[in-house]
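Read off the chains here:
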Amino acid sequence: MLITLAPMRSDETLQVSRHGDVLVLNGEGVDLAAGGTSRWIVGQPQKEGGVWSLTLILPHGPGAPEETLFPKPIEVHGDGAVELPPHAPPEPAEAP
Amino acid sequence: MDDATPNLSLPLLLPAQAQKHVTHNEALRLLDIVVQLSVLDWALAAPPGTPAEGDRYIVGPGPTGAWEGQTGKVAVWSSGGWVFLAPAQGWTAWVAAAARAVTWTGTGWSDASDQERRFARLGIGTAPDETNRLALSSPAVLFSHAGAGMQAKLNKAQPGDTASLLFQTDFSGRAEIGLAGSDNLSVKVSANGSAFITALTASAATGEVGLPQGAVVGGRVTGAAVTQGNADATAGRLLKVGDFGLGGTAPAAPASITATPNTLAPGAYSYSTSWSAGGPAAVTNGTLLHLSRAAGIYVQYMVGDWPAAATSQLFLRAYVGGAWSAWRRCYTEANILGAVGQSAGVPTGAVAERGSNANGEYLRLADGTQICTRTNLAAANAGTASGSLFRSPASVTWTFPAAFAAPPVVSGDVDDADCWLVTAGVPFATSADLRVMAAVSKASALNMRAVATGRWF
Chain A
1 MLITLAPMRS DETLQVSRHG DVLVLNGEGV DLAAGGTSRW IVGQPQKEGG VWSLTLILPH
61 GPGAPEETLF PKPIEVHGDG AVELPPHAPP EPAEAP
Chain B
1 MDDATPNLSL PLLLPAQAQK HVTHNEALRL LDIVVQLSVL DWALAAPPGT PAEGDRYIVG
61 PGPTGAWEGQ TGKVAVWSSG GWVFLAPAQG WTAWVAAAAR AVTWTGTGWS DASDQERRFA
121 RLGIGTAPDE TNRLALSSPA VLFSHAGAGM QAKLNKAQPG DTASLLFQTD FSGRAEIGLA
181 GSDNLSVKVS ANGSAFITAL TASAATGEVG LPQGAVVGGR VTGAAVTQGN ADATAGRLLK
241 VGDFGLGGTA PAAPASITAT PNTLAPGAYS YSTSWSAGGP AAVTNGTLLH LSRAAGIYVQ
301 YMVGDWPAAA TSQLFLRAYV GGAWSAWRRC YTEANILGAV GQSAGVPTGA VAERGSNANG
361 EYLRLADGTQ ICTRTNLAAA NAGTASGSLF RSPASVTWTF PAAFAAPPVV SGDVDDADCW
421 LVTAGVPFAT SADLRVMAAV SKASALNMRA VATGRWF
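Protein chains in written order, with the working numbering: chain A, 1 to 96; chain B, 1 to 457.
Hint data in this document are derived by calculation from the structure and do not stem from the laboratory.
One should not assume that every hint holds.
[To be verified] Restraint-style ranges between C-beta atoms, simulated for each label pair:
| no. | chain 1 | residue 1 | chain 2 | residue 2 | range |
| --- | --- | --- | --- | --- | --- |
| 1 | A | GLY43 | B | LEU316 | 55 to 61 Å |
| 2 | A | GLN46 | B | ALA439 | 44 to 50 Å |
| 3 | B | GLY368 | A | ALA34 | 34 to 40 Å |
| 4 | B | ALA439 | A | GLY43 | 27 to 33 Å |
[Said to hold, decoys possible] Which chain B residues stay away from chain A? Per the calculated CB distances, all over 10 Å, these:
| no. | residue |
| --- | --- |
| 5 | GLY62 |
| 6 | THR92 |
| 7 | PRO139 |
| 8 | ILE297 |
| 9 | VAL340 |
| 10 | GLU353 |
| 11 | THR384 |
| 12 | THR397 |
| 13 | THR399 |
| 14 | PRO401 |
| 15 | ALA402 |
Remember, it's a predicted structure, so these values are computed and weren't measured experimentally.
Where is the CB? At the ideal position from N, CA and C, for every residue including glycine.
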């Protein structure tokens with residue numbers, strides 16, 4: 001599965017995991033084989049040569065790192081959680 | 001004719017007396033005892049064991065042995081026996097053991113130092129005069145105690161009179177301590193002996209000490225006159241450096257900065273959510289400035305230092321009419337730009353937030369306005385006939401670089417002549433489908449520029 005990411009400033013966050021043809025987006029299952037869609041999916045997923053290809057909105061907060069603002073496509077080979085670039089910069093250390 | 005003298009009872013020779021030398025020697029012996037009377041001791045009760053011929057004593061109180069019943073008499077050891085002479089009033093004897101003179105008063109021997117004496121004037125080492133009736137010249141003077149203690153008293157007649165100690169240099173006054181013309185204590189000093197200035201006063205009525213010329217205090221001032229801690233708000237106390245956060249680096253850390261009615265004294269305080277609450281939500285650690293315009297009307301300023309997002313950020317609020325307003329953030333060049341936020345429509349972050357990502361640039365404003373732009377949207381030709389015009393064969397989806405709360409207004413332009421950009425339907429909150437329209441067929445790919453204006457909340 002090839003996921004192209006479309007970064008978008010948003011206060012929401014997105015958790016993605018894959019189970020075969022089903023993508024779970026923030027707990028909501030989308031069966032790509034059944035033509036399911038979601039507000040997180042841009043355009044229509046395509047299956048070429050047995051590999052799904054789709055574009056997902058990647059929500060990010062202010063000051064997100066470069067890897068989030070200009071993300072590279074993700075290749076997903078197995079089932080399980082899909083790791084996305086971080087939503088926001090890491091939290092600072094302990095108070096002085 | 002008497003046979004003895006009237007005062008010392010010396011035996012007199014009688015006319016034609018036989019053994020004249022006996023009487024005469026008796027008289028001489030009495031004179032030898034009494035004249036230039038000097039005794040060895042005056043305190044013995046028992047006679048000494050081995051007296052010498054002619055030894056004289058005054059018999060002490062409670063006598064025993066050979067002296068029994070002879071209290072106060074002069075005892076003389078003569079020819080192997082004690083002779084006793086009763087003194088007459090005024091006899092004075094030197095007591096060798098005590099090294100002083102004593103006088104028979106008629107009832108007892110009295111030390112001269114026990115007797116009251118009066119002098120019109122007395123000078124010791126110098127001459128008295130009519131004003132200085134007691135004059136003394138000495139390297140030192142000792143007034144020692146009798147019993148436990150000693151008081152030296154300087155008495156005056158009326159409150160308006162003076163009782164004081166005057167210190168002089170070459171008989172010119174330099175300092176005066178005492179009751180000078182009143183019942184209040186004063187310390188006066190003079191540089192020339194004529195002009196005196198009052199350095200210190202103490203009120204007889206209240207005990208209050210005055211320093212009319214000022215004070216140079218080399219040590220610390222302590223006690224109830226100064227503040228007792230960094231939050232002691234007792235009225236009238238002198239404020240120490242460091243208290244209420246002024247001049248020090250350890251201001252008080254009150255457990256509550258929000259109590260109503262407010263019990264916090266105006267001043268600077270240390271704030272942390274570790275020991276207090278009620279500060280701005282964004283501030284974990286900060287410095288609080290609490291001021292009061294009048295009773296029941298307060299303002300608070302909080303400058304955060306942690307977390308990083310609150311560092312150097314100023315928040316303020318006011319307490320009027322029995323309630324605190326919400327904390328308000330002040331905007332500076334440091335926080336006017338940054339992440340915007342809102343809660344129920346009230347801004348919680350910066351005024352404006354600009355950012356860019358792979359989908360373009362966005363400007364998000366604190367009032368909810370959001371503008372997204374894209375200057376390099378994927379190329380599309382306009383070669384498909386559409387009525388008398390031409391359009392792109394398929395629409396191009398622009399995923400906005402920032403999410404809108406509702407579909408925005410989208411418009412744009414195309415980088416060529418005789419063509420323009422239109423939407424291919426109602427935009428979505430997160431994307432819009434765009435296409436190029438042209439008056440003439442455009443076979444080559446065209447770059448599209450688009451803008452979307454709407455609200456992010």
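*Hints the structure fails to honour*: Structure breaks hints 1, 2, 9, 10, 12, 13, 14 and 15.
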